[in-house]
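Visitor: Chains P and U supply the protein sequences, listed in that same order. Per the numbering used here, residue 4 is the first one in the first sequence, and the count goes up by one each step. Per the numbering used here, residue 4 is the first one in the second sequence, and the count goes up by one each step.
Bear in mind the hints are in silico, worked out from the structure with no lab data behind them. Here a beta-carbon is modelled for each residue, glycine too, at the ideal position from N, C-alpha and C.
Distance windows between CB atoms, simulated:
id, chain 1, residue 1, chain 2, residue 2, range
1, P, Glu264, U, Gly314, 41 to 47 Å
2, P, Gln109, U, Pro356, 37 to 43 Å
3, U, Ala351, P, Thr104, 28 to 34 Å
Number of protein chains: 2
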Amino acid sequence: MLEAVLDRARQGRAQAEEDLFELLAIPSVSALPEHRHDCRLAADWLVERLKGMGMFAELIEVEPEGQPVVMAEWLGHDSGPTLTIYGHYDVQPPDPLEEWTSPPFQPTIRDGVVYARGADDNKGQHLAGLKAAEHWFAAGRPPLNLRFLIEGEEEVGGRSLPAYVRANADRLSTDYLFIADGSFAAPGQPELVTALRGMLYTEIEVTGPRVDLHSGIFGGIAPNPFNSLAHILCGLKDREGRILIPGFYDDVEPPSSEELEGWASLGIDEEQQKRLMGVDELPGEPGFSLLERKWARPTLDVHGVMGGFTGAGSKTVIPARARAKVSMRLVPNQQPAKVLAQLGEAVARLATPGTRAQVFELNSALPVRIDTSHPGIEPARRAFAAAYGRSPVLVREGGSVPVTVDFQQALGTHLLVTGFGLPDDGLHSPNERMSLDQYHRGTEMVIHLMDELARAES
Amino acid sequence: MLEAVLDRARQGRAQAEEDLFELLAIPSVSALPEHRHDCRLAADWLVERLKGMGMFAELIEVEPEGQPVVMAEWLGHDSGPTLTIYGHYDVQPPDPLEEWTSPPFQPTIRDGVVYARGADDNKGQHLAGLKAAEHWFAAGRPPLNLRFLIEGEEEVGGRSLPAYVRANADRLSTDYLFIADGSFAAPGQPELVTALRGMLYTEIEVTGPRVDLHSGIFGGIAPNPFNSLAHILCGLKDREGRILIPGFYDDVEPPSSEELEGWASLGIDEEQQKRLMGVDELPGEPGFSLLERKWARPTLDVHGVMGGFTGAGSKTVIPARARAKVSMRLVPNQQPAKVLAQLGEAVARLATPGTRAQVFELNSALPVRIDTSHPGIEPARRAFAAAYGRSPVLVREGGSVPVTVDFQQALGTHLLVTGFGLPDDGLHSPNERMSLDQYHRGTEMVIHLMDELARAES
Numbered sequence: 004m005l006e007a008v009l010d011r012a013r014q015g016r017a018q019a020e021e022d023l024f025e026l027l028a029i030p031s032v033s034a035l036p037e038h039r040h041d042c043r044l045a046a047d048w049l050v051e052r053l054k055g056m057g058m059f060a061e062l063i064e065v066e067p068e069g070q071p072v073v074m075a076e077w078l079g080h081d082s083g084p085t086l087t088i089y090g091h092y093d094v095q096p097p098d099p100l101e102e103w104t105s106p107p108f109q110p111t112i113r114d115g116v117v118y119a120r121g122a123d124d125n126k127g128q129h130l131a132g133l134k135a136a137e138h139w140f141a142a143g144r145p146p147l148n149l150r151f152l153i154e155g156e157e158e159v160g161g162r163s164l165p166a167y168v169r170a171n172a173d174r175l176s177t178d179y180l181f182i183a184d185g186s187f188a189a190p191g192q193p194e195l196v197t198a199l200r201g202m203l204y205t206e207i208e209v210t211g212p213r214v215d216l217h218s219g220i221f222g223g224i225a226p227n228p229f230n231s232l233a234h235i236l237c238g239l240k241d242r243e244g245r246i247l248i249p250g251f252y253d254d255v256e257p258p259s260s261e262e263l264e265g266w267a268s269l270g271i272d273e274e275q276q277k278r279l280m281g282v283d284e285l286p287g288e289p290g291f292s293l294l295e296r297k298w299a300r301p302t303l304d305v306h307g308v309m310g311g312f313t314g315a316g317s318k319t320v321i322p323a324r325a326r327a328k329v330s331m332r333l334v335p336n337q338q339p340a341k342v343l344a345q346l347g348e349a350v351a352r353l354a355t356p357g358t359r360a361q362v363f364e365l366n367s368a369l370p371v372r373i374d375t376s377h378p379g380i381e382p383a384r385r386a387f388a389a390a391y392g393r394s395p396v397l398v399r400e401g402g403s404v405p406v407t408v409d410f411q412q413a414l415g416t417h418l419l420v421t422g423f424g425l426p427d428d429g430l431h432s433p434n435e436r437m438s439l440d441q442y443h444r445g446t447e448m449v450i451h452l453m454d455e456l457a458r459a460e461s
Numbered sequence: 004m005l006e007a008v009l010d011r012a013r014q015g016r017a018q019a020e021e022d023l024f025e026l027l028a029i030p031s032v033s034a035l036p037e038h039r040h041d042c043r044l045a046a047d048w049l050v051e052r053l054k055g056m057g058m059f060a061e062l063i064e065v066e067p068e069g070q071p072v073v074m075a076e077w078l079g080h081d082s083g084p085t086l087t088i089y090g091h092y093d094v095q096p097p098d099p100l101e102e103w104t105s106p107p108f109q110p111t112i113r114d115g116v117v118y119a120r121g122a123d124d125n126k127g128q129h130l131a132g133l134k135a136a137e138h139w140f141a142a143g144r145p146p147l148n149l150r151f152l153i154e155g156e157e158e159v160g161g162r163s164l165p166a167y168v169r170a171n172a173d174r175l176s177t178d179y180l181f182i183a184d185g186s187f188a189a190p191g192q193p194e195l196v197t198a199l200r201g202m203l204y205t206e207i208e209v210t211g212p213r214v215d216l217h218s219g220i221f222g223g224i225a226p227n228p229f230n231s232l233a234h235i236l237c238g239l240k241d242r243e244g245r246i247l248i249p250g251f252y253d254d255v256e257p258p259s260s261e262e263l264e265g266w267a268s269l270g271i272d273e274e275q276q277k278r279l280m281g282v283d284e285l286p287g288e289p290g291f292s293l294l295e296r297k298w299a300r301p302t303l304d305v306h307g308v309m310g311g312f313t314g315a316g317s318k319t320v321i322p323a324r325a326r327a328k329v330s331m332r333l334v335p336n337q338q339p340a341k342v343l344a345q346l347g348e349a350v351a352r353l354a355t356p357g358t359r360a361q362v363f364e365l366n367s368a369l370p371v372r373i374d375t376s377h378p379g380i381e382p383a384r385r386a387f388a389a390a391y392g393r394s395p396v397l398v399r400e401g402g403s404v405p406v407t408v409d410f411q412q413a414l415g416t417h418l419l420v421t422g423f424g425l426p427d428d429g430l431h432s433p434n435e436r437m438s439l440d441q442y443h444r445g446t447e448m449v450i451h452l453m454d455e456l457a458r459a460e461s
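Just chain P, with the same shape it has in the complex (with noise of 0.2 Å):
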């Protein structure tokens, strides 16, 4: 029957792509909260199209104020292995819109490629496996027992899906837990993760005066929140890129020698590496190789700063306050809440004179680490030799998705960690993308993962 289900992928490869764009024409942004009807939408899409291929499907709310979580299974055998393929439906904010070259929720086709808020992040990559899914059912009825989990909290770090999870732990028992929501190591490149980084996102507050205050009046006797969080910021990292934060490394468990050597036969081009990231230098902690900093060290970031006056123009107020979103990418053994402490000191210290800082978090997710002798590996590595004619390499992922480490500790399962997109697909970026082949393939894939898992079983 395989046979007949990638002939239906094959032959229904236009109409995937309209099922695509349908997904990705819904601005279903869930850090906005003007688009939490959008999202509602997409997790209604979601559901019909599950419950159309014959699979029940529902909507579970969980958090009064989160968004809801698209379950759907079908259980037709009474025997063999269950397969759980997870998805988020919501999307990252489009801005800075002024930089898409098509609107982010018009997805357009240029030279094989589909443009849009989500195409790659996460809604390209969770259609391959509904569709996969459709595929099988026309044919016939899929080889092994499935369900869907998509979430729409993904971006923002809610906890619909986790507390789902860890409620129904005993109802959502499944053999492999799939995640397709990275991308190849390099073009034709394949891979399966090893370990995911954790994050701790936080709100870095300094406060100054209580009230804004002219800069002619005042200045050389106020305290300026922006330029005391500089001191904290600089105070954080060095300028070659070495975290500061007393005790932070203390748990940092180091890459074995094996994926040490497995990463250096990657042979990664770091000319191309620069031109994908638009840089003329990859800078970063000194005494780690470029896959090192990426996947197996923790990180500090910056991505935005709020307070004071940002219009046109030249007002010169010292302001009362002033924020910092600044996040850190964890490694595994280290632990957010740990972190969360140490950062809380170092901040507090760090502030100039006549400032206060205090630190906030807003989501915080753990390291995790995959075992890579578990027996859905070789099924999985066969699937991707099958669709995309190459087996994939084994990496580890420098991006987190936080319920990864729900579905391990709660539901005891063997993860498959990958992706269908490329390394340049411009993730939470503008002009974000997937290409059509690659979507394709995905769906093959998935298709004969579905077979090789049930047949591994057998």
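Once you have looked at the hints, place chain U on chain P.
Guide: Leaving out everything else, chain U in the frame of chain P:
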């Protein structure tokens, strides 16, 4: 006739308040293009008032994109001195709006104080001068020739009035130039200003990657413009407040020992200063007194930071660029152009690896020194004593009134720089305010000043 004029002022207080509220209700924010028409309305309002009292008045258009200068004059005396009164009808942007108790352009009286953007800076102050002239005309005629120059670009460092003054220096020849754009040294204690700080207002732009990058994927190898900006700002000013730009202090002319002795005798109450500013300490450059730091030392302050993600939630972007609004207050003998060059070199050098930084000048003003032995000083002292019951102290001003330099250089006139505001009037801040008593006595002070200057001459 002086008594008759003063009587009119005292009996006309209700009308004077209505006039002030009318002008304050016009949101003449020069920094915001959407208020361009409102600036014109404020200028028209002033021209009508000046014509109404019997002066020749007109709008002078200088720069195509600028705001018009209100020019009014009455040269009814064949001999005797001419007094020119300066003011500016433009105001600072009112944000943050949510911190205003009453709306910024709905003047509201609480406890004898009017709250509105521009109440102190500068509508309440130049309107006191207008009302003084109006009362003289109503009682007969002013005792000396009068001119008003009221600009609409003071808050944006515009060039219209300076260009007009320099191009028409002969025509605008004047014996005295009166500028009330400051405040009392303390409640009940008027001041005369002997020097004003200048200013250099810049934007520092830091660029990193050509496009926004995802911190999960690229964190550890991507240059982050915000982290670079923090290192630049730290390298410009240390934790204690010393400015680190090489050569920055070279041209600073220290205050005379007479000035320092005078300031020491002012007996500044540091606790009161802290309460006024809403701070717990008064940090600043080590080794200098509070008044030296406010008046005679240059400063460097950050006013706002732009770029990246500043919305709700936790977008993990490493942005392509970050910008900061940074200004320096300059003191006598420092040159903005020279400081700009020093700053540009320092900033370029301080950018962290993989980022580039540039400085753009938004505007600048030379610092000003005023000779305190000119023939207008004693009349001004007597006018203050008559109106407020106390003679002014000689102080410096921390802020700049950029056109002062042009008045001094092009007109060679005697400057009288002072103010009717109070030290806690919240200039450039939410809930800006003006004591109505200070406003009315300011009108009386200018009535006396006109009388005193005319008599001093004769």
